[in-house]
Amino acid sequence: MRLKDKNILITGSTRGIGLAIAHVCAGEGANIVIHGTNKEKVKDIVNSLQQRYQTKIVGFDYDIKNYDNCQNLVKDSINALTSLDVLVNNAGITRDNLLIKMTEQEWNDVIETNLNSVFSMTKAVTRPFLKQKSGKIINMSSVVGLMGNAGQANYAATKGGMIAFTKSIAKEFGAKGIQCNAIAPGFIKTDMIDTLPDDYLDTIIKSIPARKLGSTDDVSKLVLFLASDESSYITGQTISVDGGMNI
Amino acid sequence: MSLTQEEVFEKVKKVIVEGLGVSEDLVKMESSYTDDLGADSLDTVELVMALEEEFGTEIADEDAEKLTTVTKTVEFILSKN
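In order, the protein sequence lines correspond to chains A and B. Residue 127 in this note's numbering is what sits at position 127 of the first sequence, and the numbering runs on without skipping anything. Residue 57 in this note's numbering is what sits at position 57 of the second sequence, and the numbering runs on without skipping anything.
These are computed hints drawn from the structure, not numbers from a lab. Any given hint could be a false lead.
As the list claims (entries may be wrong) - In silico DSSO-like pairs for lysine-lysine, Cα to Cα no more than 27 Å straight-line:
1) A:K131 - B:K66
2) A:K176 - B:K28
3) B:K13 - A:K133
4) A:K167 - A:K131
Using the sequences provided together with the hints, build the complete structure.
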């Protein structure tokens with residue numbers, strides 16, 4: 001049990017990478033806070049995890065674009081689990097468009113969900129983390145935050161922003177026992193990828209040294225490592241899980 | 001029951017000694033957290049959090065910013081009592 005009795009809050013954990021993280025962490029003994037925007041979905045996921053694992057599983061459906069909601073999400077999570085050890089900022093959306101066609105709405109939606117929530121959630125955990133003199137923050141960035149991507153100026157900007165945010169937080173809180181790292185997944189088999197046209201996906205796969213898409217577990221296993229005590233001297237890093245796409 | 005200035009000072013001193021890891025005789029009424037006691041800005045935030053716990057009170061961020069010395073801290077806590 002690599003995460004025995006650790007309390008972990010994962011935003012955007014009703015599907016995709018977030019859900020895989022919840023499974024892997026619960027399987028290693030962690031208590032989990034599931035978060036998503038769909039109330040029913042959150043309830044279903046909490047129920048199914050509760051049946052499968054012995055640890056405590058709770059769920060909340062706050063809209064984390066809103067600052068106060070993030071404060072409440074952290075507060076409720078601590079009330080439910082008594083404390084928090086790890087925050088995984090995983091929630092994210094895409095609103096892909098070429099810049100020339102991108103609307104202000106598409107830009108703002110992505111910034112608010114992907115980047116503002118990271119600020120608000122991280123700020124909400126800093127006080128409890130400072131008090132307990134420990135805590136881990138894991139930010140789900142992306143390969144496009146490192147490389148950029150045509151048609152994803154908004155998404156790439158948030159993911160690049162998360163990397164710089166991660167480094168800054170690592171520097172601010174390094175001496176306080178708080179670590180902050182980012183993960184940069186490449187193209188991972190999730191709903192997010194399903195929307196891409198097949199021929200575009202084929203071109204992408206040819207550009208990946210591993211010549212295949214990643215699985216959600218390729219990412220969740222890294223979260224497991226970063227959430228555990230095994231990574232206690234690692235902070236401010238962005239670790240790629242991309243089959244070599246960004247070399 | 002409200003505390004005397006001396007009692008408040010002793011409690012504040014205890015919090016500072018624990019929070020900043022400085023020796024007790026360094027902590028005087030006129031001590032400045034950053035200049036005399038080597039606190040960085042995050043240390044002072046932690047100190048305020050520890051004071052909130054010690055005295056069972058909430059200290060707003062705008063008040064916390066003004067608590068730069070032991071004297072100011074003791075006076076502030078006395079004013080809240």
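The hints, checked one at a time:
1. A:K131 - B:K66: holds (21 Å)
2. A:K176 - B:K28: Distance of about 25 Å is within 27 Å: holds.
3. B:K13 - A:K133: Since the Cα atoms of K13 (chain B) and K133 (chain A) sit roughly 20 Å apart, the hinted pair holds (cutoff 27 Å).
4. A:K167 - A:K131: holds (21 Å)
The earlier numbered hints are all upheld by this structure, with none contradicted.
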